[in-house]
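Enquirer: In case you want the letters, here they are:
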Amino acid sequence: MLLKENIPVLYILGKIKKELILVTVYSVLIAIMYNTFHVTRISIPIAVPTILGTVISLLLAFKSNQAYDRWWEARTLWGAIVNDVRSFTRQLLTFVDAPYHEGERKAFVDRVAKRQIAWCFALSRNLRKQDPLHGLEKYLSKEDIDYISKYDNVPVAILELQGADIRSAYKLGWINEFQQVALDETLTRFSNEMGGCERIKNTVFPVTYAAYIHFSILLFVLMLPFGLIEYFGIVEVPVVIAIATSFFLIESMAIHLQDPFENKPTDTPTITISRTIERDVVQMLKEKEKYELAVAGGGFNNSKMFYIL
Amino acid sequence: MLLKENIPVLYILGKIKKELILVTVYSVLIAIMYNTFHVTRISIPIAVPTILGTVISLLLAFKSNQAYDRWWEARTLWGAIVNDVRSFTRQLLTFVDAPYHEGERKAFVDRVAKRQIAWCFALSRNLRKQDPLHGLEKYLSKEDIDYISKYDNVPVAILELQGADIRSAYKLGWINEFQQVALDETLTRFSNEMGGCERIKNTVFPVTYAAYIHFSILLFVLMLPFGLIEYFGIVEVPVVIAIATSFFLIESMAIHLQDPFENKPTDTPTITISRTIERDVVQMLKEKEKYELAVAGGGFNNSKMFYIL
Amino acid sequence: MLLKENIPVLYILGKIKKELILVTVYSVLIAIMYNTFHVTRISIPIAVPTILGTVISLLLAFKSNQAYDRWWEARTLWGAIVNDVRSFTRQLLTFVDAPYHEGERKAFVDRVAKRQIAWCFALSRNLRKQDPLHGLEKYLSKEDIDYISKYDNVPVAILELQGADIRSAYKLGWINEFQQVALDETLTRFSNEMGGCERIKNTVFPVTYAAYIHFSILLFVLMLPFGLIEYFGIVEVPVVIAIATSFFLIESMAIHLQDPFENKPTDTPTITISRTIERDVVQMLKEKEKYELAVAGGGFNNSKMFYIL
Amino acid sequence: MLLKENIPVLYILGKIKKELILVTVYSVLIAIMYNTFHVTRISIPIAVPTILGTVISLLLAFKSNQAYDRWWEARTLWGAIVNDVRSFTRQLLTFVDAPYHEGERKAFVDRVAKRQIAWCFALSRNLRKQDPLHGLEKYLSKEDIDYISKYDNVPVAILELQGADIRSAYKLGWINEFQQVALDETLTRFSNEMGGCERIKNTVFPVTYAAYIHFSILLFVLMLPFGLIEYFGIVEVPVVIAIATSFFLIESMAIHLQDPFENKPTDTPTITISRTIERDVVQMLKEKEKYELAVAGGGFNNSKMFYIL
Amino acid sequence: MLLKENIPVLYILGKIKKELILVTVYSVLIAIMYNTFHVTRISIPIAVPTILGTVISLLLAFKSNQAYDRWWEARTLWGAIVNDVRSFTRQLLTFVDAPYHEGERKAFVDRVAKRQIAWCFALSRNLRKQDPLHGLEKYLSKEDIDYISKYDNVPVAILELQGADIRSAYKLGWINEFQQVALDETLTRFSNEMGGCERIKNTVFPVTYAAYIHFSILLFVLMLPFGLIEYFGIVEVPVVIAIATSFFLIESMAIHLQDPFENKPTDTPTITISRTIERDVVQMLKEKEKYELAVAGGGFNNSKMFYIL
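Quick note, the sequences are listed as chains P, B, W, C and H, same order. According to full-length UniProt numbering, the first sequence is numbered sequentially starting from 1. According to full-length UniProt numbering, the second sequence is numbered sequentially starting from 1. According to full-length UniProt numbering, the third sequence is numbered sequentially starting from 1. According to full-length UniProt numbering, the fourth sequence is numbered sequentially starting from 1. According to full-length UniProt numbering, the fifth sequence is numbered sequentially starting from 1.
Don't take each hint at face value.
Identical copies look the same in the list; a pair holds intra-copy or inter-copy alike.
[Claimed, not checked] Below, in silico cross-link-like pairs of lysine-lysine (DSS-like), each with a Cα-Cα straight-line distance of 30 Å or less: (1) 138 x 17; (2) 286 x 15; (3) 138 x 171; (4) 201 x 286; (5) 142 x 106; (6) 171 x 106; (7) 129 x 18; (8) 129 x 286; (9) 129 x 201.
Calculated directly from the structure, the hints in this document are not laboratory data. Computed from a prediction, not measured in an experiment: that's the story for all the values here.
Modelling step: build the complete structure from the supplied sequences, incorporating the hints.
Expert: Structure representation (structure tokens):
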């Protein structure tokens with residue numbers, strides 16, 4: 001999760017240590033060949049690795065861009081989930097109306113709003129291939145958990161339950177037909193956001209490109225010592241390592257960014273976001289009833305309000 | 001289909017083997033001319049191919065970007081199809097209501113939801129220029145198949161059937177006027193997604209650009225041996241092959257990515273996606289009735305619910 | 001029109017032949033000056049044209065990107081027109097309902113749907129500054145043609161007629177108020193797509209940029225022979241021509257792509273698209289009535305359907 | 001305004017003449033120092049300005065892209081205004097209905113439609129910091145002008161008047177509740193387009209970037225003569241001027257593009273667009289009544305139409 | 001805040017002074033080593049830093065792009081807030097209708113509109129981690145402030161109050177069901193805009209990339225003096241400083257742009273924007289009643305208007 005505190009550079013440096021060791025051995029060998037055994041015909045003009053370097057730079061820029069876009073889209077989708085859960089809760093609180101069954105109304109709003117929190121946690125775990133049902137008993141009734149545990153895709157099942165409850169509310173006359181359609185549109189947005197996350201999760205960056213870029217960097221690193229040996233001698237080794245590290249690091253970071261639901265430090269912080277959602281929703285639910293009274297005693301002539309109803 | 005398992009690098013390497021053989025022969029000939037027959041005036045400064053190399057790198061970056069965008073748009077469209085089929089099924093389950101004809105209602109929802117699965121498979125096959133009717137008898141009635149087989153564009157015909165059935169449901173009073181418009185909007189989204197896929201299928205990447213880029217790479221590869229011969233002698237051959245492979249591979253990969261509906265390993269995995277859709281929809285349909293009972297015995301005072309209906 | 005069959009490279013090569021002849025003459029003259037008259041002080045280091053070459057490459061990449069975006073947006077707008085005409089026809093078929101005037105209903109749907117085909121052809125011709133009324137008598141009544149011929153912008157007039165007919169249908173009770181608003185939204189989308197095409201047609205790529213890029217390429221080509229003459233002698237001529245061709249070709253292709261409604265081979269294929277639209281709409285209209293019967297005899301208890309109406 | 005006729009290259013060349021004179025004097029001085037006073041130690045390798053040249057090229061490409069995006073967004077917003085005014089007029093003509101007050105209805109539609117034309121002109125002048133009320137008496141009543149002249153933001157005031165009139169029409173029963181909401185959505189789109197233009201107008205391109213790019217180009221131009229002097233002698237002067245002109249011109253063009261509402265030749269042609277809007281709206285209003293009759297005598301059985309009303 | 005007046009180049013130059021001092025000391029030391037102690041083997045070919053320079057240029061271009069996009073998205077979100085507050089106020093003024101309670105209606109519209117201004121200021125302060133309640137007593141009642149002060153996220157609480165008041169208005173019959181849904185959609189847009197700002201605030205640019213880019217520039221600057229020392233001697237010092245300043249400045253500016261809610265001079269000017277919103281809303285509220293009269297005496301037959309009501 002990319003929060004400000006953790007700087008996983010060392011973590012990523014660890015991921016390329018195999019490549020770095022190989023490059024070190026390789027360039028030391030060439031320096032020895034050149035300096036000790038005087039195999040000097042192997043020097044090549046620096047312009048040759050330069051051409052390759054330009055191509056690879058552009059490919060890495062391309063790959064970084066696409067990886068960043070995937071990562072940012074994943075973040076944006078979870079940002080949209082935050083917005084839509086807030087809007088959904090607000091709609092539940094302001095749309096649902098059961099004049100003679102205030103207790104049932106409150107229970108209904110509570111159940112549906114909490115089920116949406118459960119959906120966030122289930123989606124988060126589902127994307128990471130963890131058990132999506134873990135920890136949901138805090139937000140869902142026993143019946144709900146039984147029901148959704150029969151489904152392959154748990155978040156889809158939760159959204160179906162939401163739809164069924166909104167249908168029931170409509171049939172009971174607690175919401176009108178416009179409000180039903182408006183709530184259904186919000187469910188559709190949840191469906192789209194879930195689908196967007198699944199798309200990012202299930203679509204790999206074209207493997208041909210990935211393999212090719214890795215192969216090009218390798219080719220470049222293999223050529224580099226020959227281009228530098230003439231000028232540097234043994235000093236060539238740290239220079240080659242520094243430049244090789246540069247290229248491998250960019251590649252490695254792009255690979256980490258492009259898959260944001262893999263239990264890595266660079267993931268989209270879906271659990272943290274879900275907690276924020278939970279905090280906001282719970283505050284909206286808990287305080288609600290008190291506010292109804294505040295308003296009643298405040299700006300409006302509330303006797304009239306109940307009369308009209 | 002770009003799933004994680006298959007790495008079709010060799011597959012793509014096969015596509016450029018003709019070019020590679022030609023480049024090998026060509027650069028060997030020049031090395032022989034230079035080393036054996038001492039035609040040494042042909043050497044040119046490496047800066048000349050470098051200028052061309054920069055231009056070509058930028059053109060390949062441009063082409064890779066557009067190809068990736070087409071491929072990603074195709075994937076996004078199919079992701080949207082997943083979302084909208086789920087939403088459509090949820091809408092059918094929660095909107096349609098026929099108090100005294102529960103059996104007919106269920107048959108109706110089943111038929112319309114399955115027809116939408118058929119639409120996914122038909123669209124998938126239609127985009128690949130295969131027989132779109134193949135295998136649809138699993139999801140469609142005999143009459144439906146007869147009807148749609150008269151159309152040039154089968155998915156359009158299926159959407160028309162969906163519209164006709166929603167019209168019938170509205171006339172029968174099973175959905176209200178808002179729900180009809182909401183379902184019609186979902187059909188419009190299907191229509192847009194289908195049109196988007198057709199657009200990508202039917203629009204070629206500007207052929208002038210494609211031809212030009214190929215021609216530039218050729219020019220560059222033809223010049224390259226002259227720029228390197230002075231420094232390398234016969235060692236020039238593998239260097240030219242390596243650099244030429246780089247450029248031809250990027251070009252080749254962009255060409256493969258840019259047309260994602262052509263029965264190639266890099267295609268958008270439309271069949272796999274359609275299967276996922278089928279799984280989710282079938283689960284939503286099969287379990288639905290049981291849940292109605294679960295809700296009835298659960299949170300609501302269901303005697304009242306049936307009373308109000 | 002960019003269909004797969006035609007590869008207009010030669011067509012475009014023809015467009016830059018004037019420049020190529022000038023470049024040939026120019027570089028031959030310099031070679032003669034250098035080799036015959038031994039004016040050797042004119043040689044400049046190759047690094048100078050290289051700096052300019054990098055700048056021009058980036059500018060050409062920028063220009064190619066914008067040109068491609070315009071071209072792709074034009075294609076996307078026409079793709080959206082295809083989708084919306086299909087959706088509009090479906091809406092007409094499923095929304096309009098005149099229980100006791102089936103014949104008039106059918107005539108109405110036919111007239112409005114065909115008028116939308118006419119709109120596609122009129123828009124296509126209007127964008128190309130051709131007579132937009134040409135050939136519309138196939139789809140429009142005499143009165144309609146008289147009416148729209150008084151307008152400067154014929155597609156706007158056709159959309160106005162569509163609005164008037166939908167208003168009439170609403171007044172007659174053939175569509176309800178939601179359906180009127182839904183159909184009006186579809187008309188608004190047609191209006192937006194038309195406006196988008198007009199925007200692309202009427203907005204030139206910033207002429208200062210275009211003129212400047214041309215001027216920079218010229219400057220670069222003028223410098224190039226001086227940079228190469230020292231190494232090549234007379235062989236410099238084909239190299240200069242090859243590189244100059246590269247730059248002029250990219251510029252020329254961008255210019256062709258960026259204006260997609262100009263009667264050129266690289267245009268958006270609006271006529272082909274309009275024909276596809278016509279085919280789909282005609283099939284939807286012709287077969288419709290037969291299907292009503294098929295449904296009636298199929299899944300539904302149709303006696304009840306007419307009873308409820 | 002970027003129309004096809006005017007090519008303001010000379011206009012822009014004029015903007016950078018100060019820089020060009022300074023560069024000329026500066027490079028002449030260095031050439032004299034080198035050639036006459038033989039201060040030859042000042043020559044530097046051409047590779048140093050080349051590194052800076054690459055960085056500046058990328059920064060200029062970045063800046064050109066952002067400037068183009070701003071300019072294109074401004075153009076797109078005005079294109080959307082064209083579309084929405086057309087749609088708004090169509091909605092007024094087809095939604096508003098006052099069976100027994102045809103004269104008042106026509107006066108109402110005329111007034112509201114013309115007020116929207118006034119909004120276009122007022123917005124156009126407001127963005128350019130000109131008096132927004134100039135010339136509006138052609139489209140607005142005396143009362144309207146008195147009212148809006150009290151506002152700081154005149155286009156906001158005009159939209160408020162539109163809202164008030166639509167409210168009145170709804171209260172009078174001339175439009176139904178769906179139509180009111182649909183018209184309100186169109187007003188919201190106008191509000192968004194106005195806000196988008198104001199955003200572009202009021203947001204400067206980050207001044208730090210702008211200042212920095214200018215400073216880098218200066219640094220580059222100051223270094224350039226030292227890099228070239230060794231090879232060229234006095235011929236260095238025109239080469240430096242040519243390259244400096246290239247960089248200053250791109251910068252200058254980006255600066256001109258990025259602010260499209262400043263009374264410059266490269267502005268978005270808001271007045272021309274407003275005239276086109278006026279032409280279309282006036283034609284739709286003038287011809288409308290005649291068409292009502294044409295339809296009445298045409299396809300419909302119009303006696304029935306009035307009967308149903 | 002990026003307004004036209006302030007050019008915080010010096011401000012930013014101050015941010016990199018530590019780096020500049022280190023670079024100066026470092027390059028002076030190398031020049032002394034080379035010139036005084038004649039350690040001449042340390043010179044390296046300029047081509048080596050050039051390769052790194054190209055990679056870094058592309059990475060900085062990538063980073064500048066993403067930083068600009070974040071900054072521009074933040075600005076666009078606040079532009080959308082301006083638009084939506086204006087639209088919301090217009091909707092309040094034209095939707096709410098309480099025939100026999102004009103005074104209460106006016107008080108209601110005033111309260112809700114001003115509460116939206118409070119939301120803008122609270123959001124602005126909340127994003128900057130300042131006390132969001134500061135100064136809100138100007139726009140909110142005592143009860144409202146008590147209520148929202150119990151929430152962690154104050155803007156969410158304000159939107160909840162808005163929803164509660166709209167619900168009350170609907171229950172009182174002051175707005176109809178369509179208008180309730182339309183107003184709710186506007187609230188949803190506010191929720192989305194707030195969420196978008198929070199996303200930008202809470203998501204750091206991938207720290208691995210940021211750390212890596214800094215490390216690469218450092219590597220490049222450390223190598224640079226070795227590449228230049230051979231040609232320049234002591235003159236190398238200012239050249240190294242100039243080039244190092246270039247790279248550090250771009251990096252520094254990107255870092256400043258990418259976080260637009262941090263109390264820096266480059267922030268999105270949320271307070272200025274909120275003031276503009278306040279000005280427009282207050283003018284719309286104050287003048288409204290006078291206009292009702294103006295309309296009444298103007299175009300309409302107002303006796304009829306009140307009669308129909």
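Enquirer: Enumerate the violated hints, using their earlier numbering and listing them in ascending order.
Expert: Structure breaks hints 1, 2.
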